[in-house]
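Trainee: Quick note, the sequences are listed as chains A and B, same order. Counted the way the working numbering counts, the first sequence spans residues 1 to 146. Counted the way the working numbering counts, the second sequence spans residues 1 to 625.
Hints may be right or wrong, so weigh each one.
[Said to hold, decoys possible] Simulated crosslink set (DMTMM-like; lysine to aspartate or glutamate; CA at most 25 Å straight-line): (1) LYS99/B to ASP90/A; (2) LYS125/B to GLU111/B; (3) LYS129/A to GLU144/A; (4) LYS57/A to ASP90/A; (5) LYS106/A to GLU115/B; (6) LYS439/B to GLU409/B; (7) LYS96/B to GLU144/A; (8) LYS479/B to ASP424/B; (9) LYS47/A to GLU75/B; (10) LYS114/A to ASP144/B; (11) LYS140/A to GLU38/A; (12) LYS140/A to GLU133/B; (13) LYS123/B to ASP90/A; (14) LYS523/B to GLU508/B; (15) LYS524/B to GLU466/B; (16) LYS140/A to ASP97/B; (17) LYS99/A to GLU146/B; (18) LYS140/A to ASP128/B; (19) LYS99/A to GLU354/B; (20) LYS114/A to GLU44/B; (21) LYS20/A to GLU146/B; (22) LYS140/A to ASP143/B; (23) LYS99/A to GLU508/B; (24) LYS124/A to GLU115/B; (25) LYS102/A to GLU115/B; (26) LYS99/A to ASP144/B; (27) LYS124/A to ASP51/A; (28) LYS114/A to GLU341/B; (29) LYS77/A to ASP550/B; (30) LYS228/B to GLU354/B; (31) LYS140/A to GLU354/B; (32) LYS99/A to GLU39/B; (33) LYS81/A to GLU38/A; (34) LYS114/A to GLU173/B; (35) LYS135/B to GLU39/B; (36) LYS479/B to GLU393/B; (37) LYS114/A to GLU393/B; (38) LYS114/A to GLU159/B.
Hints in this document: simulated from the structure, not taken from any laboratory.
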Amino acid sequence: MIKIFLIICIIPWQLWAWDKESTVKIYHHLFHAISKKEVIKIYTRDKEYRDAFDTSKRMQVVHSPDKADVILICSDKGIEKLMNTSKSNDVNFFTTSYKLLKQYPKIIGAFYWKKGRSQLLFVKGRLEKRNIRLPQEYQKFVVESL
Amino acid sequence: MRESIVDKFIGFLLISLIVFAIFLQITTTENTKKLKNEEILKTEQYAQKIVRLIELRVSSNLEKTVKGNDFVQKELNEILEAFLTKQYSYIFMLSKDAKGHYRFVLDGDKENPEEYGSVFFPKSKLFDKVYSEGKMSIIEQHDDVEGVWVSLVYPYMEEGKTEALLVLDLSREYATYLNNFNSPLVTVVRIMQVFLFLALLFLIMITYRYYQTRKILTKDSLSTAYTKYYLADFFNKNDIAQYYFFLVDIDEFKEFNKKYGNDFGNKLIQSFISRFQEVLGGKAKVVRVGTEFIAFVPKTEAGIHDLSEKLFQTMGKKYYLIEDEKIHISISMSAIDTPEESSTLPKILRVLDEELLKVKSQGKNTFRVLGADNGDALKYNDIDYIRLALEEERLLCLYQPICETQSKEIVKYEALARLVDKNDSSKLISPFQFMQLIKGTSQYIKMSKLVLSDVFYTLSKYPKIEISMNLDLDDLFNKDMMKLINNYLVDNKENAARLTFEIIEENEITDYERVSEIFHSLKKYGSKVAIDDFGSGYANYQYLIALDIDILKIDGSLIRELKNDDKRAYLVVESIKNLADIFNYEVVAEFVSDKFIYEQIKDLGIGYSQGYYLGEPRPINEYLS
C-alpha cells in the first residue's frame with residue numbers, strides 16, 4: 001500500500017522533471033547552434049527558465065547580461081534597458097515571443113507557441129549581421145522577413 | 001466427463017472469452033470512430049461554407065484583396081470567427097510566400113488574431129501535400145500540437161490553383177467531450193473487459209490446475225509409467241485395434257520387497273519399466289497397476305508371438321542390476337493382438353486378466369498369447385452381447401448321448417447349452433466363453449431358466465428318454481436359482497424322475513449338511529444327483545461319505561489319459577469304478593473319444609460311457625427321429 005502511495009506521488013513529479021529536462025535539452029541545442037559553445041552562459045530574467053537552466057551542467061545561468069553568451073528575453077519589461085546596457089558584442093538575444101522578435105531587430109530568433117504548435121524562427125539578415133551560421137537542420141526555420 | 005470433451009470445452013471457453021473481449025473492444029472503437037467521422041464530415045461542410053462565403057466577398061485574388069485592406073480582412077476574419085465554436089481551437093487561413101514559408105492570411109481568433117503575413121510553421125508535411133494536390137486532408141494531431149485533436153486542411157482554390165489553406169483545428173477538449181458522451185458505453189465495456197480478463201485469468205489458472213491434476217492422475221508417481229487413467233484417456237483418442245497389449249506380472253514381487261525393502265522394490269520396478277521401453281521401443285506405453293504392468297504398442301510386422309517371446313525372454317530371463325545386486329525375476333504374461341472388431345478397452349483388459357489368471361494357475365513364469373484369430377474370445381466376452389442373445393432367446397440345447405457301455409445303447413442324454421451367434425446362426429457359442437462373465441448376474445438365472453425350460457419341454461415331448469443337466473454347486477446356494485429349479489420340478493413332477501442333476505463345482509464344499517439338504521430337495525420328485533468330474537479338483541472322497549448321490553461321472557482328464565495307455569491312469573479309473581460299485585453308484589466315463597478308450601472302459605466294466613466316439617452333442621430330434 002505504501003509502495004502504491006509512493007508511486008502515485010512520484011509519477012507527477014517524474015513527469016514534470018522529464019518535461020523540464022526536455023526543455024533544457026531543446027534550449028541547449030538551440031543556443032549551442034547560435035554560440036557554438038559547449039557550456040553556454042545564459043542570462044534571463046524569467047525565474048522559471050533560470051531554475052530550469054540551473055539543472056543543466058551545460059548551461060550556466062549568469063546574473064549579469066555582460067557575462068552572457070545568450071540573453072533570453074521572455075517579456076518586454078525593461079527590454080530597452082537590457083539591450084542598451086549589454087555592451088558585449090558576442091552576446092546574442094533570443095526571445096520566446098514573436099512580437100518581440102518583430103519589434104527588436106537585435107533579437108536574432110525566437111522559440112514560441114502559435115496555434116498550439118511550437119515555432120522556431122530565425123531572421124536571416126540578423127544572423128548574417130552577427131556572422132552566425134546555423135547548422136543545416138535549422139535552415140528551414142530561417143526567414144528573410146517577418 | 002471424457003477428457004477430450006473437457007479439453008474442447010476449456011478451449012471453447014477460452015476462445016469465447018477472448019472473442020467476446022475483442023468484440024467489445026471493436027464495438028466501442030467503432031462507435032468512437034463513427035462519432036469522430038461524423039464530426040470530421042461536419043467540419044468539412046463548415047470548411048466548404050467558409051470558402052463559399054469568402055468567395056462571395058472576394059472577387060479577385062484573395063491575398064491581394066486582403067493585403068493592406070483592414071476592412072476586408074476584418075470582415076473575412078469575422079466569417080472565420082463565426083464558425084469558431086467550442087469544438088474548434090483555431091480556424092485560420094495560410095498562404096505560401098515565394099520562399100515556401102506559410103504566412104497568415106486570415107485568423108478567426110477574435111481576441112488575439114494573428115497579424116496578416118506573420119510566419120507560421122504548421123509542423124506537418126500534409127499542408128504541402130494539400131497545397132500541391134488541392135485536395136482536403138485530415139491530420140491526426142498528437143502531443144506536439146497543444147489542444148488540437150484533429151486538423152482539417154482545406155484548399156482555397158482560384159482558377160484551379162491552390163491560393164491558400166483553410167485550417168480548422170478540432171479541439172482536444174471537444175474530443176474529450178465526445179469521449180465522455182460515449183463514456184457510459186466505454187465504462188461498461190471496460191468493466192466487462194476487466195471482468196473478462198479476470199475470468200480469463202481464473203480460467204487459465206483452473207485450466208493449469210486441471211492439467212496439473214490430470215498429469216498427476218495419469219503419471220505414476222514412482223516410475224515413468226502411466227496410470228490407468230492415462231490408458232482410458234489414450235484410447236478415447238486412439239484406435240484400440242491398432243495395438244498389441246501385454247499384461248505382465250512380476251512373480252512373487254512381494255518377496256523381493258520383504259527381502260530387500262520397499263526402496264529396492266521401487267528401483268526394481270523402475271528398471272523393469274525401462275526394460276519394457278527397450279524391448280518394445282519408444283512408441284510403447286507402459287501402465288503400472290500395482291505389480292502388474294499393461295503395455296501397449298502399435299502393431300508391427302514382427303507380430304504378437306515374436307514380440308511376446310522377446311518380451312518374456314528379456315523381461316523375465318535376464319537379470320536386473322539393482323544396487324550392485326544381480327536380481328533374477330520371473331514373470332507371468334498374457335498378450336493379445338487386438339482384433340479389428342468388438343474391441344473395447346474393458347474387454348481387452350478383462351481377457352488379458354483372464355489369460356494371466358490361467359498362466360498363474362498353470363504355475364506362473366510363462367505366457368499366453370491370443371492372436372488376432374482369437375476374436376471370438378473378445379466378441380463373446382461381452383455382457384451386452386450375452387444379454388442381447390438371451391433376450392432374443394438365441395439359446396439352443398444340444399444333447400449328447402450317454403450309453404450303456406457294453407451295448408452302446410443310449411440310456412440318457414446330457415443337455416449342453418449353446419448360444420447362437422447373432423450374425424451366423426450356424427455358429428454356436430460354448431458357455432466356456434462367457435460363463436465366468438455372467439455368473440452371479442441375472443443373465444445367469446435367465447440362461448438357466450431357458451435351459452430348464454428346454455430340458456422339461458424335451459422330457460415332456462419325449463416321454464421315454466432321460467436327460468441330465470449341469471448344475472453348478474454355487475447355484476445350490478443361490479435362492480433364486482433353487483426357487484426356479486423347485487418351481488420347474490413342482491410343475492413337472494411327472495417328468496422329474498427322468499432328470500439327473502450333474503453337480504459341477506469350482507469351490508470346495510464347506511457345509512456338507514446344507515448341500516445334503518439341497519440334494520434331498522432336488523431328489524424329492526425322483527430326480528437323480530450325479531457328481532461331475534469326480535477324481536479331479538474338489539470332487540473327492542468326502543462326497544461319497546457325506547452326500548446322498550446316485551451317479552459318479554469320472555473326470556474326463558483321467559479318461560483322456562487312457563489314450564496313452566497309461567497304466568496308472570487305468571488303475572485310478574479302476575479304483576474309482578470299484579469304489580462306486582461298493583457304494584452302489586452308477587458310473588459314467590466321460591470323454592470317450594475313440595475306440596481305444598472305449599475298449600478300455602468296456603474292459604474296466606464301467607457301466608456308462610459318454611463321448612464323441614459314441615455321439616456328438618446334437619439337437620435331440622436328430623437322435624430320436
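Trainee: When the hints from earlier in the document are held up against this structure, which numbers fail?
Mentor: 1, 2, 6, 8, 9, 13, 19, 23, 27, 28, 29, 31, 32, 33, 37, 38
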